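Dock chains S, R and V against the given chain X, drawing on the hints supplied.
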Amino acid sequence: MRKKRSVKVILFLCLVSLIIAACSGKDSADKGKAAGDALLSGSWDQALAEAKGQTVNWYMWGGSDAINEFVDRKYGSVLKDKYGITLHRVPLSDTAEAVNKVLNEKQAGKNKDGSVDLIWINGENFATLKQADALFGPFATKLPNAKYVDYSNPAVGKDFGLDTEGYESVWGSAQFQFVYDSERMKPSELPHNYKELKSWAEKHPGRFTYNAPPDFTGTRFVKQLFYELSGGHQKWSKPFVQQEFDAEATKVWDYLNEVKPSLWRKGETYPKTIAELAALFNNNEVDFAFTQDIGGIATDIGKGKLPKTARPYVFDTGTIGDYHYVAIPYNAAHKAAAMVVANLILDPKLQFEKADPAKGWGDGIGIDPSKLEGANKKLYNELKAKSGETAVQADVLLKHKLPDLPAAYTPALEEGWKNLVLFQK
Amino acid sequence: MLTRLSEPFLQVTDLTYQYAPAKSFSLGKQSFTLEKGKLLVILGPSGSGKSTLLQLIAGLLRPNEGEIIMGGKPIHHLPPEKRNLSMIFQKTYLLPFLTVGANVEIGLKLKGMPSHKRRVRSEEILNQVGLTGFYQRPLSSLSGGQEQRVALARSLVIEPQLLLLDEPFSQLDPLLRRQMGSWISDIKRMWEIPMIMVTHDREEALALGDQFLILRDGAEQQSGTLDNIYYEPANRWTADFMGIDNVLDGIKKGTRVTTFLGDLKVHPHCIRVPDGPVRIVLRSEWLQLDFTSSIKATIEGCSFRGEYTEVKANVNGESVVIKQLGLSNYERGMETGVRLATSNVWCLPKEVM
Amino acid sequence: MFYSKSKPIRLMILSGMLVPSLLFVAGTFFAGIFISGVQSLDYFPLIGKTTLSFRVYIELFHSAIFYRSLFFSLGISLAATFISALIAVILALWLRRYVRHGRWLHFLLQFNLPVPHVVGAIAILLLFGQSGLISRLTYWAGMIQQPSQFPVLVTDQNGIGIVLEYVWKEVPFIAVSVLSILKSWVVPYEKQLQLLGANAWQRWKLVTFPFMLPSLLSSSIIVFAYTFGSFEVPYVLGSISKPTLPILAYQAYLNPNLTYRSEAMAINIVITIISMFLVIFYMKWGEGYAEKRR
Amino acid sequence: MRRNGVNHGKSYAFLHAIMISLFFLPFIPLLAWSFAQQWRFPDLVPTVSERAWLYVFSTHSQVKDAIFNSLGLAAVTSLLSQVVAYPAARALGLYVKRWNKTIRLLLIAPILIPGISIAIGVHVLFLHSGLSDQWLGVLLSHLIPAIPYSIYLLYGFYAGYDIGYEKQFRLLGAGRLQTFRLVELPLLRSVLSLSILFSFLISWSQYLFTVFIGGGNLITLPMLLFSTLSSGDYSLMGALCMVFVLPALIIVIFSSIGVKKDLFEEKEASRVDPIV
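Protein chains in written order, with this note's numbering: chain X, 1 to 425; chain S, 1001 to 1353; chain R, 2001 to 2294; chain V, 3001 to 3276.
Calculated directly from the structure, the hints in this document are not laboratory data.
Wrong hints could be hidden among the right ones.
To be verified - Straight-line alpha carbon distances no greater than 25 Å define the calculated SDA-like cross-link-like pairs of lysine to any residue that follow:
1. LYS401/X x ASP368/X
2. LYS186/X x PRO3042/V
3. LYS74/X x GLU382/X
4. LYS2284/R x LEU3105/V
5. LYS74/X x HIS3060/V
6. LYS308/X x THR3047/V
7. LYS260/X x VAL2152/R
8. LYS260/X x GLN2157/R
9. LYS266/X x ILE2065/R
10. LYS266/X x VAL2152/R
11. LYS1117/S x GLY1133/S
12. LYS359/X x SER77/X
13. LYS1312/S x ASN1344/S
14. LYS401/X x PRO191/X
15. LYS303/X x GLN2146/R
16. LYS74/X x ALA358/X
17. LYS3064/V x PHE70/X
18. LYS195/X x TRP253/X
19. LYS2183/R x LEU3015/V
20. LYS1312/S x SER1284/S
21. LYS238/X x HIS400/X
22. LYS2183/R x LEU2195/R
23. LYS142/X x ASP37/X
24. LYS418/X x GLN2157/R
This one's a predicted model, so the numbers in the text were calculated from it and none came from an experiment.
The shape of chain X in the complex, shown without the other chains:
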């Protein structure tokens, strides 16, 4: 049988398909934008009507089962029952994945029917998307529940120094806290700034570590160090300048490299996630863990992830706290439903449930308590009264709260840490 010709034909066909595949799919249509504009100018009822029956793909960091459960169970059922919206939570290990996805779609010219409807976001991820013109909005102030939010407060209205301009809607707040075990340590022994932390670590070799940037809290741990060593947060609220940054960052790298031999595993490796750090703490391998939950660590204690005697506290030099938001990509397929979700999660009752460690996960509220009235006000006061020894007092937290660095510093710190600390022998 003569195979030679058939083989040639086959190879030729393959080549053709290869070329077609490589060249195809650059069609771009901008019809999506028009629909989005109508949504922004229309009434809320119209948005509700449009949202009915839609499915919202909410991309969010999936590293906490308490959050996952709250979102699925609480928001999911309210959305389904009240608005006829199906909530589809997409778990991510890093929000950058979702950012990447939207940018990829934009590159590929997929300007409508994008796969991401809503992203849990803040900081440099928001900055990246906003600067790439890949966000839908301004929609935040269009939401009925925006009346509870004080966007004039710079801490809310600015995200890592970047004006949100209504392109993201607030969801909650968080502040970095250290966690120790009151059974292992007396409060008097605790370090209260990075200087003390270093000498504590050197006295207790192998008992301290931090989760590696770019994990969110890990980066934040390095940022706070950066503040302390460079003389405070005030001088960094301006745009990023490489030379100025490098001059001060060196101190950070030196500090971290000096403390390295005293760290867990001699700093050869670090926990990848905040959860891994918590597990080390729980197994008595290290003496400190971190948390971001303003409402306290009762949720994690209840789940057995932290010992019952674990307590949170903050450094005297302060810790970084901020708001976190949700944003809608410019090409989202279900913008109306995404807006309904963004509005729903601002509902005071749900905000309080989320902040309650017993019902939610102790996340700080995103709304402004002074804007509350009547029953909501009462609920807020009840919530405030609840926090026990597993949480830091709200006024203490507020007193020690530091703003986050402008977004451009984050990749610089993360890259620097990777190259000058992690890979440094």
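Quick look at chains S, R and V alone, frame taken from chain X:
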């Protein structure tokens, strides 16, 4: 089916087949006819194209040219399953996951015969091949010969118009082989099925065949009846292939030929061979040792072959092979004589050798 | 299959049988590699880069981290393949004695063949971690007082945890393929040799080993290729300061900064080229022997 | 070879002990964690809770959807890959002589090329052709390793296949389809089921392709497992792992009792696994 007697049952005309150009082998124009109840043996060494020819008839290969007419109808364009013939291969190709009965009746099943009728027919045919009561048996319980008989039953039960056999017994031991041969003869007689068998085994071929076709490198060397191929080899190669041990030089003149065995009479069919140097082909069984003979010979060696003794003798400086029935033991160097046990000899022109 | 068809038609049918799979593999796999290749050469029309350059490769080949990852990956694969092969051969030689009553043993041997690698990795993590089950057992045995005294076996600098997982998973794979040869081919040859007066070592050297070599080789190549390119296992069990090559590619690809994209693609191409060599080795040695044997 | 050695019993038991501990041991912590409420360092036994399992089976969790997605994808992948692989394997094993090895090299290459390289390249390709984030795209991406794998397995069968069976049956009056159904398929059965099972497993345990091409829209079990991994919920991780190995377990049990011929015993043994 009624066919006019003058027309043969199977008529193959100018069949050719060419393998992919890379392979040089091709089957040249082949033509033959076959009557009902006869068995045609296609003989040839491996690579001679005999299997190709059989597969062309079966429909497993599509001929480049030529036609096959069976029962008055052309069949060369039909797929194998529409040709109404059956074939038995070297391997039995019985399906290991079916019982004996299921294997036998599979052809009937394919034709859509209801299962109780199938069973009756299969049991009947199993009886005929001597496997009564094997219907329910698993295939693994059979011996080699039994498997071959099941395969035979499976081919016969569909009542084919033509049975093709592709070296069917070459995997069996000699005793079983002979037994299977007699089965085939019986079936041919009882069922009157025309058969075509391919083999490279001369003994088997001669025992079973009515008609013969000898192939070499895709070309026909000789065809004809048993007498033709036994007594009258068409050329030196056929002579060798048919196991003729003695090929002697001779000078032909008219109806006589002169050799070192003496002056011999030429077979009547060989008169046409031009006078001059020729070759004489002489079967070893036509020579006998005889002390009284005038042709003197010296024994060079002998070996016993089970039923006969093959003796090598030197006659006038030339070696000849002689077959003696039974066991005989001759000393090397013994002086004796040779006698020719035939009245005439077959000779071939020298240039065809 | 198509006996009654003429040659051109048969050729068409044959092409029809092969074209879908070839087209599929070409249209997805080879097209994907093609695009990786193009992007690794800094070709991004969408952000205005339309000239090809080897910039990324030059940078890559000057990066210490790249080399460290490359050699780390190769080292892990080599160690995993070698240890697995060694244990597998010993296990197979041992197991062949029990061919008769080997049903249950076979079940055991096959048990983790279809278990996904991620599960294996997590299991190793929970077993060999410093606060894992084995560490706890040694604590109760009084050998250690706290987790940090237990040897570092996972997320370690030398990839011990990763190798452990691979060995656990691949030993049965190699053993099963070697065993099938040992059971079917070797015995008569060994007996023959024994009759010729060969002792156990000579029998191993002259018959057993050469016979199992092809299947050992082909399964080892498969193991090497898999362990070299696996992402999940080092992701779970690797130290973040010692990324393997696939992890490096993954991190670079996920970086929102597009300049890292071409780096990811370049690493990708390096991985592909190394693996392509393995494919060729496989076709040459692994399969060649198998066919000869048949 | 000491077939009848005296100390068989002892070494046999020893072998058993070693193999059991080697291959089963790692599953113990997984199973134990799945029932753990809290399990801090020195404790050998966890405080028991069925929370993780309740979550797995609760209607709110994504686990159920993930199982269905994974099952559906794996089932369609394994069937489609047989459909594409069967003719190619048959053509390569029986008919195509010229260029045979080269074609096989091209077709089998995706098995040995790491998933990460393929996934990244194919992701970009699918982004351009609009296949990413689509069910179809994910399916196609799962087929990339599955089809070559099936070709590889089935080719092994056809390379040693005696086509005489088919010839014989055509001559007994069977058409092409009948021959396929009555002869080829039964002979192919054990290899085919192996190919179906393993392409199923390839899809079932696929993470990178699903995450890249599906972009998270299509949640499968491996994706849940990875996101649970970063959340540090070991109990849920243990439970998900147990769910995840279930098909593997069923297959092994099925293979050791159901099928007459041992799935792994023959030549195919060298053709299973490591992609999974």
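A quick look at each hint next to the structure:
Annotation: proposed proximity of LYS401/X to ASP368/X holds, straight-line Cα distance about 16 Å (limit 25 Å). In summary, the hint linking LYS186/X to PRO3042/V is supported, as the alpha carbons are separated by about 23 Å, within the 25 Å threshold. Restraint check for LYS74/X and GLU382/X: the C-alpha separation of about 20 Å stays at or below 25 Å, so the hint holds. Simply put, LYS2284/R and LEU3105/V have alpha-carbon atoms about 10 Å apart, close enough for the 25 Å limit, and the pair holds.
A distance of roughly 9 Å separates the Cα atoms of LYS74/X and HIS3060/V; the hinted pair therefore holds under the 25 Å criterion. For the suggested pair LYS308/X and THR3047/V, the alpha carbons sit about 14 Å apart, so the restraint of at most 25 Å is met. Between LYS260/X and VAL2152/R, the direct Cα distance comes to roughly 17 Å. Compliance with the 25 Å bound is thereby established for this hinted pair. Distance hint between LYS260/X and GLN2157/R is fulfilled; the C-alpha atoms sit about 15 Å from each other, no more than 25 Å.
Under the criterion of a C-alpha separation no larger than 25 Å, the hint pairing LYS266/X with ILE2065/R is consistent with the structure, at around 20 Å. As the CA atoms of LYS266/X and VAL2152/R are separated by approximately 12 Å, the hinted pair is consistent with the 25 Å bound. Distance restraint check for LYS1117/S and GLY1133/S: the Cα-Cα separation of roughly 17 Å lies within the 25 Å cut-off, and the hinted pair is therefore satisfied. A C-alpha spacing of about 15 Å is found between LYS359/X and SER77/X, which places the hinted pair at or below 25 Å, so the restraint holds.
A threshold of 25 Å between alpha carbons decides the hint, and for LYS1312/S with ASN1344/S the separation of about 22 Å falls inside it, so the pair holds. Under the criterion of a C-alpha separation no larger than 25 Å, the hint pairing LYS401/X with PRO191/X is consistent with the structure, at around 17 Å. Proximity of LYS303/X to GLN2146/R is assessed by CA-CA distance (about 24 Å); at most 25 Å being required, the pair is judged to hold. Between the alpha carbons of LYS74/X and ALA358/X the distance comes to roughly 13 Å, so the proposed pair stays at or under 25 Å and holds.
Taken as a hint, the LYS3064/V and PHE70/X pair is honoured in the structure, with Cα atoms around 17 Å apart against an allowance of 25 Å. With a CA separation close to 14 Å, the supplied pair LYS195/X and TRP253/X stays within the 25 Å bound. A threshold of 25 Å between alpha carbons decides the hint, and for LYS2183/R with LEU3015/V the separation of about 18 Å falls inside it, so the pair holds. A C-alpha spacing of about 10 Å is found between LYS1312/S and SER1284/S, which places the hinted pair at or below 25 Å, so the restraint holds.
Simply put, LYS238/X and HIS400/X have alpha-carbon atoms about 21 Å apart, close enough for the 25 Å limit, and the pair holds. In summary, the hint linking LYS2183/R to LEU2195/R is supported, as the alpha carbons are separated by about 19 Å, within the 25 Å threshold. Straight-line distance between C-alpha atoms of LYS142/X and ASP37/X comes to about 12 Å, which keeps the hinted pair within the 25 Å bound. For the given pair, LYS418/X sits about 16 Å from GLN2157/R by alpha-carbon distance, which is consistent with the 25 Å threshold.
Every hint from the earlier list agrees with this structure, and none is contradicted.
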